[in-house]
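So you can see what is in the structure, the chains are spelled out below.
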Amino acid sequence: MKARKVKKLAPEGALADNAQRIVAVRLEELRSFAGAAHDPAEVEALHDMRIAAKRLRYVLEITEPALGPSARQGAKTAKRLQDLLGEIHDCDVMLPRVRAHTERLRAEDVEWARHAAGGRAQDLTPSVASGAPNRARYRGLEALGVYLSARRSVLFDRFLREWEALESGGFAARLTDGLNPVRPEPAAPAGGEGP
Amino acid sequence: MAQARPIPELSPDMRFADAAAAAVEVRAAEVFEHSAGVLDSDDIERVHDMRVSTRRLRAALEVFAVCFPRKEHRRVLREVKALADALGERRDPDVALEVLSGVAAELTRSDRPGIESLAAELHEEQKQGNARLEQALSRARESQLEGRLAALAEAARSPRAQAGASP
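Protein chains in written order, with numbering that gives the first Met the number 0: chain A, 0 to 194; chain B, 0 to 166.
Keep in mind that the hints were calculated from the coordinates and are not lab data. Among the hints, a few may not be true.
If you want the footprint, here are the derived chain A segments under chain B, 3+ residues with CB under 8 angstroms [claimed, not checked]:
| # | segment |
| --- | --- |
| 1 | 58-66 |
| 2 | 80-86 |
| 3 | 93-100 |
| 4 | 125-139 |
Beta carbons are placed, not taken as given, at the ideal position from N, Cα and C, and that holds for glycine.
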């Protein structure tokens with residue numbers, strides 16, 4: 000997912016001003032995926048939202064010394080979201096992989112059984128399948144597939160709850176309103192205390 | 000996971016380009032420190048740490064893109080991305096194997112042959128990933144990526160060197 004362009008960045012300008020502009024764009028980018036990500040089938044939107052959370056997290060982490068505690072808190076929130084979406088993504092990557100592996104084993108077994116029947120066979124007896132070399136492997140792979148599908152569903156529901164809690168708690172406004180440049184205290188004038 | 004090293008002397012009113020130079024210097028140093036022993040597949044945390052630090056470097060290059068000379072920034076970013084991709088290819092089977100190991104420990108004995116057959120496939124990918132990572136590390140050394148990152152940071156410190164892409 001290509002990052003949205005941030006306008007009016009100035010290399011000669013102050014770090015805090017530029018950082019606030021970037022954070023505002025990255026925050027809006029993150030929130031823009033939330034609608035589509037409410038659909039559990041929208042694998043791509045969830046993936047894009049994870050990348051957007053990662054981008055927001057990193058800009059907050061880098062600029063936190065200049066932007067203060069709200070940036071630190073925002074980076075933690077973005078990381079939590081990124082990690083949760085990452086776990087969902089891992090299931091989305093692993094599931095097709097388990098299915099593809101199972102298919103490959105099945106194709107090997109079909110080939111083996113076909114070969115066992117001989118080139119001029121008229122038909123095939125079911126007992127041939129009981130000797131298939133990968134027969135003992137399907138059970139564990141099916142169990143793994145069930146586990147990953149169910150875990151994905153649990154994590155997705157958790158994501159919805161956590162995202163709704165963030166939105167209803169006004170996290171975006173709290174983050175942007177709380178980004179206050181951390182400026183050093185002015186030095187006390189010498190001899191400031193009177194006699 | 001390795002904690003990100005703080006970037007010293009960042010202050011709200013400093014030049015954005017000076018912050019860019021400091022961020023890239025610190026993040027680049029982290030990447031190359033974590034490169035030691037990264038090809039040792041018995042210790043998967045090394046790859047993870049280097050991958051995370053490469054991501055942080057990439058983020059710094061993207062956040063501060065506008066502060067660097069455009070052409071060299073683009074080249075360096077492409078090389079950092081290639082390194083990150085190679086680390087990802089190596090890391091992905093590590094993560095999958097960890098998941099499988101956790102699942103296998105909780106399933107019954109008769110479920111294990113299937114999990115083990117998938118694990119064997121992933122071990123093969125881990126080896127291939129290591130070979131690709133070795134190539135990517137060699138390319139980074141040959142192109143003197145570390146020195147070019149230092150030069151990029153230095154260029155950001157000189158006024159008017161900028162005009163990179165948007166972060």
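Each hint tested on the structure:
1. 58-66: Check passed, 7 qualifying residues.
2. 80-86: violated (count 0)
3. 93-100: With 4 residues close enough to chain B, the hint holds.
4. 125-139: It holds, with 6 qualifying residues against the three required.
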